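Chains as they are written, first to last, in the numbering used here: chain A, 30 to 482; chain B, 1231 to 1671.
Hint data in this document are derived by calculation from the structure and do not stem from the laboratory. One or more hints might be untrue.
[Stated by the list, open to error] If you anchor each label on the Cβ, the simulated ranges turn out as follows:
| id | chain 1 | residue 1 | chain 2 | residue 2 | range |
| --- | --- | --- | --- | --- | --- |
| 1 | A | 85 | B | 1518 | 26 to 34 angstroms |
| 2 | A | 382 | B | 1236 | 33 to 41 angstroms |
| 3 | B | 1518 | A | 171 | 17 to 25 angstroms |
[Stated by the list, open to error] Chain B stretches covered by chain A per the calculated footprint, using a threshold of three residues with CB under 8 angstroms from any CB of chain A:
| id | segment |
| --- | --- |
| 4 | 1530-1536 |
| 5 | 1554-1561 |
| 6 | 1574-1583 |
| 7 | 1588-1597 |
[As the list claims (entries may be wrong)] DSS-like, lysine-lysine: derived pairs with alpha carbons at most 25 angstroms apart:
| id | chain 1 | residue 1 | chain 2 | residue 2 |
| --- | --- | --- | --- | --- |
| 8 | B | 1353 | A | 327 |
| 9 | B | 1290 | B | 1356 |
| 10 | A | 327 | B | 1447 |
In this text the structure is predicted, and so the values were computed from the model without any measurement. Note that CB positions come from ideal geometry on N, CA and C, so glycine has one too.
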Amino acid sequence: MAQPPPVGPLPRLEPTRPTRFVLSNGLEVLAVRREVAPLVAVNVMFRVGSDADGPELVGLGSSTADLLDEGAGARDPLQMAEDLEQLGADLWLGCGRDGSQLSLQVPRKGFEAGLAMAADVLLRPRLGADDWARVRHDRLTGLAQRRDQAEAVASLVSDRVLYGDAHPYGRSSEGFERTVARIEIDDIRRFHATHYRPNNAALVVAGDFDEAELQGQLEAALGAWAPGPTTAPAPSPPFPARPRLVLVDRPAAPQSIVRILSPGTDRLSPDRPALSMLNAVLGGSFTSRLNFNLREQKGYTYGAGSSFSFLRRPGGFAARAAVFTEVTAAAVTEFLVELRAVRERPFTDDERTKARAMLLDRVAEGLATSGGISATFAELSLYGLPLDEPERFIAALERVTAADLLALARKYIDPEGACIVIVGDRAAIEPGLRALGLPAPELRDADGERLSS
Amino acid sequence: MKIEFETFALANGLTVILHVDRGSPLVAVNLWYHVGSKDEAPGRTGFAHLFEHLMFMGSKHAPYPSFDAIMESWGGHNNGTTSNDRTNYYEIGPRNLLETFLWLEADRLATLAEVITEEELEKQRKVVLNERRQSYENRPYGRTELRVPEIMYPPTHPYHWPTIGSHADLEAASVADVRQFFERFYRPSNASLTIAGDFEPAAARALVEKYFGWQAKREAPRLPAPAAPVLAEDRDETLSDRVQLPRLRLCWHAPALFAPGDAELDLAAHVLGGGKSSRLYRALVFDQRIAQDVFAFQSSQRLGSLFHVGSTAKPDRALADVGRAVEEQLERLAHDGPSAAEVDRARNTHLADFYKSLDHLQTRADLLNHYQYLLGDPAGVERDVARYEAATPASVRDAFAAVLAQRRLVIRTIPEAGGETAAGEAAPGEAGGEHGAEATT
Chain A
30 MAQPPPVGPL
40 PRLEPTRPTR
50 FVLSNGLEVL
60 AVRREVAPLV
70 AVNVMFRVGS
80 DADGPELVGL
90 GSSTADLLDE
100 GAGARDPLQM
110 AEDLEQLGAD
120 LWLGCGRDGS
130 QLSLQVPRKG
140 FEAGLAMAAD
150 VLLRPRLGAD
160 DWARVRHDRL
170 TGLAQRRDQA
180 EAVASLVSDR
190 VLYGDAHPYG
200 RSSEGFERTV
210 ARIEIDDIRR
220 FHATHYRPNN
230 AALVVAGDFD
240 EAELQGQLEA
250 ALGAWAPGPT
260 TAPAPSPPFP
270 ARPRLVLVDR
280 PAAPQSIVRI
290 LSPGTDRLSP
300 DRPALSMLNA
310 VLGGSFTSRL
320 NFNLREQKGY
330 TYGAGSSFSF
340 LRRPGGFAAR
350 AAVFTEVTAA
360 AVTEFLVELR
370 AVRERPFTDD
380 ERTKARAMLL
390 DRVAEGLATS
400 GGISATFAEL
410 SLYGLPLDEP
420 ERFIAALERV
430 TAADLLALAR
440 KYIDPEGACI
450 VIVGDRAAIE
460 PGLRALGLPA
470 PELRDADGER
480 LSS
Chain B
1231 MKIEFETFAL
1241 ANGLTVILHV
1251 DRGSPLVAVN
1261 LWYHVGSKDE
1271 APGRTGFAHL
1281 FEHLMFMGSK
1291 HAPYPSFDAI
1301 MESWGGHNNG
1311 TTSNDRTNYY
1321 EIGPRNLLET
1331 FLWLEADRLA
1341 TLAEVITEEE
1351 LEKQRKVVLN
1361 ERRQSYENRP
1371 YGRTELRVPE
1381 IMYPPTHPYH
1391 WPTIGSHADL
1401 EAASVADVRQ
1411 FFERFYRPSN
1421 ASLTIAGDFE
1431 PAAARALVEK
1441 YFGWQAKREA
1451 PRLPAPAAPV
1461 LAEDRDETLS
1471 DRVQLPRLRL
1481 CWHAPALFAP
1491 GDAELDLAAH
1501 VLGGGKSSRL
1511 YRALVFDQRI
1521 AQDVFAFQSS
1531 QRLGSLFHVG
1541 STAKPDRALA
1551 DVGRAVEEQL
1561 ERLAHDGPSA
1571 AEVDRARNTH
1581 LADFYKSLDH
1591 LQTRADLLNH
1601 YQYLLGDPAG
1611 VERDVARYEA
1621 ATPASVRDAF
1631 AAVLAQRRLV
1641 IRTIPEAGGE
1651 TAAGEAAPGE
1661 AGGEHGAEAT
1671 T
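Next up, chain B with everything else stripped away, as it sits in the complex (with noise of 0.2 angstroms):
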């Protein structure tokens, strides 16, 4: 299956890609700024995501409310999202608000550093706040999320922090760091910008150039990349959290997204425990059942991903003949590998999820702008399904291996109440980043 796109370049350096599918009278447009939590710096957690909130916070010509006011008017609706690599821009409404879209783009992408105020700083500030609460600390297992990276990664790796960040340092942003960070990131040559749905290639272009085509040319900010992280001895954390039952957690560092070994360690993932046949299912859940759930997953990031593995303990069964359990399957599949039968049905399960994810006008739009930063093109559907296609057997236990030779931490959450409260408990405020966590506006 491919994505049909054109793409070009504006002098400024912004990389335009304009995908046309007429099966809706829908248009939406997509905004990639190279810039996530990775990009922060210390004493400044959280900023590229609450810099994301503040886009929303009104622009020279079209001032707060307006951004989302005009667009809900006329039926759009928008959001955007920050991860440690990156944030996006989206909206998506009828085809008559192209225009509307990449005027409110444009406009706060050129004037955004000239209105921003305290008191919208304030607001939003607040808002973040109360998604940190929703999103980690009233969520179960959540403290467990905010920890695992700030141990991983140690504290000069940009993936040591939460994408959310920690209170102190929200509370500790200003205007004058909000504008800094504007000015260095936030510059067509640092951005990609999707247009997709129903609409005229030639027109859209020409509404591309008048609204972001004046805009000055400045350098894509270049940061120097980070030393690859080990963990250079073993960890072992307990944590107690508002659960019901005990759950155990390994994690290794893996290959970086697309690098070698990436795709492997996704089908890896589902072999171990990727649905009703994946092996930990089948041991624990299963035949032994002495677990409520188990995961496996490869968090593919730019500067290097990180391996999970997970089981929740049934009540009344001990996490240690758990984290036995998972121990023995997790050496079975490194020294023999899988078969050739469970990395058809990975890689077919793979496949048809990422297929199913391209109907949504909105996923290819964000996909483009994906391969186009990560790859340098959008053409990367192929080059991406063909990494899956080429894994053997072989290749998925080596990949495995090789992470399990690592250096690994193994994190339990224990029931708050009647559980023993363990050492080196994270203070839910004070903790490290999420696996690919996205806030979400």
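Next up, chain A with everything else stripped away, as it sits in the complex (with noise of 0.2 angstroms):
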């Protein structure tokens, strides 16, 4: 008992496989039968996301998606949600950076009652000008609660300052009260006759289906949605120059929130699986370098950790932790000590394993349920990636080699180039800042605009 056990080969992922077929609007299926739980999962991902909304009406596509679901085919707002209840089904919309989706969760037997209020929500929306004026209300003081949340503040700020006003990810996806304001019933109206067509789209189901009747259980609820003209996405505006020191006053808060960022790359890189190695030993685990320092070596946080946001554009890096406010500056320090640490010493073989079987066992765990696998196929359908993706990627991880990750981490890990982001007590935190040798910092407020110091 006192040495470890041995532990046995890693098992070999076996590859989930969908089946596939097209509707005859163009609408490709991907299905995958399980029966663990008498439920059937749908996903219906449209490839289009907020990056769509323009400058001027920032936040329109998650607009849109919110109000879909408000009544659709015969039936009103509620009694869209009295006969959704009814079946135990949950329908929910939303809208990311990059795509747009509908999500469907319903026990067995009401497969088909559950798809055709989908199909009645995706086909036969209201959109009534009534809903949205209710709607939109409620929206715009979502936001303004937004800023009572310091984690929120964070993340809005960082896309800010990461990506610029001029690029669709510096805009936040829910949008802004002043945009949400201007936005029309009209210019929802469009963004769905626009964007969500079935030739748009690819829809996945999984868990507990019959499988002699799905193809024409579909065609039968989407089969009348006709196709439209679709548009590529304009080009991505570079990343503009960074500060180095952002900060957003939160008087008295008893944490600050330190964001380091960087750029990244998109999500069809050839260095993804790589830096997905990088990153699970940066700060990606729990004994990852990043909490292995600040949270149990120096006890200044709950957890700090890294991650990189591979999307249809190139997306950031961010290291973050919540920390004590007293040792706001001491936790900046260690942050860039770790990111230096990286470009200078390589990857150690067990660090290599560990972010290998890590990767493996995340795969596999995203592939365990219903709901996970309907997921990670709408996503690989999203970026247009082969459905034998998991395998594809477990195996490049195998190729990957101490010398390839010191190179990544030289092109993608900048610590001296990075812009740090706080949310805190400035009064509290500014001096030690100062004392680290970082310049004023750029002040913002907590919807992200620029004050004068």
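Using the hints, build the complex out of the two chains.
In structure tokens, the structure reads:
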């Protein structure tokens, strides 16, 4: 008992291979049958996200997603909610950077009825002016409440600073009060009519459906949906010059939210498998260097980590933690120590083994539930990736060398050029930050607007 | 729906539950210790949760930081959570890690008290104090969450204090406290172990015998049950927080988890505030447009539950108007009861959510231990579902009317800047427990 038991070889990941077919209107369908729970999960992923909002109507895509289920077909908004609950169905719509999504989780016996309601939402939404007036007011209030949440403020400000206001990713997906106030019902109707088209989407279904019936059920529910023209996204603006230090004052806050930001890469980049390994070691696990240093050794935080955002356009790298106000400057120092270290010392064989095993486990766990399976394949379809991408990703990890990781760290991890964003008590933390030799901070408010210092 | 399992007990009293699912090459280990913040001594609040953190600080044969390092180096990951009633620990990873998981869990159960140091305690004390700031003090309406149970339960009741503990008590905890707590509550007879996923039951059984079977049998501690808490009089408080909008919350005592009426109150909560078709949403958000959100929930716990209802006022709307509109809906439901269609919707939604949660291997493992602890038998799914199936409009009305007939707490959270500062405001460091609060490592 004194020695750790032997660990056998990692299991092979058995491929999950969806059945694929295309409906008469061009909608691609991927289906994975499994029987663990008597439920079916459906994801319809549209290749349009807040990326398409434009600078004037920031929040348009998410407002559209929000309004779509407020009445559709023969049902008014409350009838819609009642009938979904009667089925035990969970219908949800959302809009991210690159994609918009309808997600339906429904008990097996209510699958056809739930599908018919989802079809109403996509094909025959009411999009009523009165309903938009009501929902817009709710959304505007929610945007005001966002200022209460330090983490949400940090995310909003980080995006504005890293990507800049000219970049679609620099704008909040939920929008801002001044832009959502400007969105009219006709804007939403136009967004829906332009982008919610079967040839601009893929439908993934996972769970306990009837294999023999599925194609007929989907054709019956969605066959009348007409294709439309699609447009390619505009080219990506470059990352703007970054300030070294940005501060959002939150007087008397007991913690500082710290983010350290630099540019990363896109979802299709050949660097992605190796960067995932790099991040697993740097800040993507409990035993990562960042968490071990800032939480376990220093006790500055409940948790420190990092991540790359792999999106259609190049996304960012962020290291992050919420730390005691009193140790804010010391925490920034430790972040920079770790970011410098990955550029200097090659990763050990043990670190690479750990990163590979962890990433294999994450992929396997992602494919272990119906919701996870449908989300995984919906994401692959969004970026036009092949269905065997999970296995390709695992295989690519095997080929990554220590030299590859060091080269990528030097390419992407940029401690000297990174932007440090902090949401915290300015009076308490600014002197310490200045003592580190950091320049005077660029000050922003909780909406990310620049203030004169 | 059923969850297939086999169960057996070791000679030292450890209950073991095996659930095979070969759908993915994964294995989950889930270990419940029947100790939570309800078992803490006065002056040592937050200790069960702080102790949970210390369980990751190394054991005799896996010194710090081996626990996480060994498991993560092979693709596993883990965590633990503490509630008022129990502490759980879980691991999940590729199936070849099963023996590693069991070895690590068994070693810390056998040896933790021998190796814990003041330095390790000090490190985790800081982490937990950060967790308190992150989860409550720097979060909107977090002060209210801490204050509610402090009012609802008298100081002699173990739900009076928060799972996360107070600053002063966390600072006072010593290594001697750690050893004493460990000796008292961390015993095979006070735990149940579930293994779920892709494994051979016979081999798993042999491994459990090998790593846990040699550990000594000691009787499970038995604590006297506290007297049922009663609010002697209606309470009314206002406190301020760093929020944009004022929020109202009402709170009553309610039947314990699995007691008669508990399932009905879950359904009543859904009828009141469970979604867009709920009565409060329809009246306050959709029709009158005086509220930004509404909520209602039964927080079910072993020694007694709390029933909560609340709403956040729209900008420029008076909280008093929101309060009147809420009262009207409460009285109507208590008087007339829900319709059959409302009960159907609430039940269907509840059961669909329940089945959805069972798709996760780790949730299934946790649920088997939950039933083992609460019902003395892992086979709880049918019994749990049956109580929702049996509920009727009359039984929901009766359970809800009984709750509403009691004394209650009305607590308002108002914006700090510009709002009137009320008497009875809680200092953040001195607050009470959260509803079913779970703190994770």
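Discussion item. Of the numbered hints stated earlier in the document, which are not met by this structure?
Written reply: Those not satisfied are hints 4, 5 and 10.
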